[in-house]
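Q: Since chain Z is already given, all that's left is putting chain L on it; use the hints.
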Amino acid sequence: GAGVSQSPRYKVAKRGQDVALRCDPISGHVSLFWYQQALGQGPEFLTYFQNEAQLDKSGLPSDRFFAERPEGSVSTLKIQRTQQEDSAVYLCASSLELAGYEQYFGPGTRLTVT
Amino acid sequence: KNQVEQSPQSLIILEGKNCTLQCNYTVSPFSNLRWYKQDTGRGPVSLTIMTFSENTKSNGRYTATLDADTKQSSLHITASQLSDSASYICVAGLSGGYNKLIFGAGTRLAVHP
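Top to bottom, those sequences are chains Z and L.
Those letters in the first sequence? Residues 1 to 114, per the working numbering, in order.
Those letters in the second sequence? Residues 115 to 227, per the working numbering, in order.
Only chain Z is shown next, with the shape it has when bound in the complex (with noise of 0.2 angstroms):
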């Protein structure tokens, strides 16, 4: 794809379920970014990979959020137990280089949990 891609794109969850989100990113591109983006707020960092390998998940606000990238492709990102607070757009976003300047933002997963 053109771009990098993100499902679903809406999701509603009841207080305590798991959800998964998805990203597609561009392909070829190494780096790729998860940021969580509060109503009126700008976004703020989860975690980010290098291929494969999680190298920063400083920003998972608790243990009940989970990334992976099993194949330094496609990443998902699981909530486990949703609660309220976690109600927010989920972007994720990829950069082509280890440290590049330039990231290419998919268009988020809004969760909004009842």
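Think of the hints as simulated: they come from the structure by calculation, not from any bench.
Model, not experiment: these values are computed from the prediction.
There's no promise every hint is true.
[Claimed, not checked] Under the rule of at most 25 angstroms between Cα atoms (straight-line distance), these lysine-lysine pairs were calculated in the DSS-like manner:
1. K57/Z x K115/L
2. K131/L x K57/Z
3. K214/L x K131/L
[What the hints assert, rightly or not] Chain L stretches covered by chain Z per the calculated footprint, using a threshold of three residues with CB under 8 angstroms from any CB of chain Z:
4. 158-171
5. 207-214
6. 217-226
For glycine and all other residues, C-beta sits at the position ideal for the given N, C-alpha and C.
A: Frame of chain Z; chain L shown alone:
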């Protein structure tokens, strides 16, 4: 604590007018300063990226400035269009490693006819 602050929070201007958005950052170690445009329901799109040694960079009707001494940046939009209505986010990149980004909360711009 690394942080980026933007002002104003929101702004309304008439089509054809100019405007300037402000950004202050406290980030270390600082590498670069970016401005992104985010339309409602979309991901951010890069407008400009400046390293600490650059003072200004333009992208069409968008001109960004950077003063690394005072840790301030601005984004000037010339001859605004209705399609400029969006959030504009100031972002500071950290040096070393993978270029971790620190985002501001954004300025929500509405351009009215």
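Q: If a hint holds in the structure, say so; if it doesn't, say that too.
A: Taking the hints in turn, this is what the structure says about them:
1. K57/Z x K115/L: holds (18 angstroms)
2. K131/L x K57/Z: Measuring from Cα to Cα gives roughly 43 angstroms; hence the hint is violated.
3. K214/L x K131/L: violated (34 angstroms)
4. 158-171: Result for this restraint: holds, n = 4.
5. 207-214: Three-residue rule met by the stretch 207-214 of chain L, so holds; n is 5.
6. 217-226: holds (count 4)
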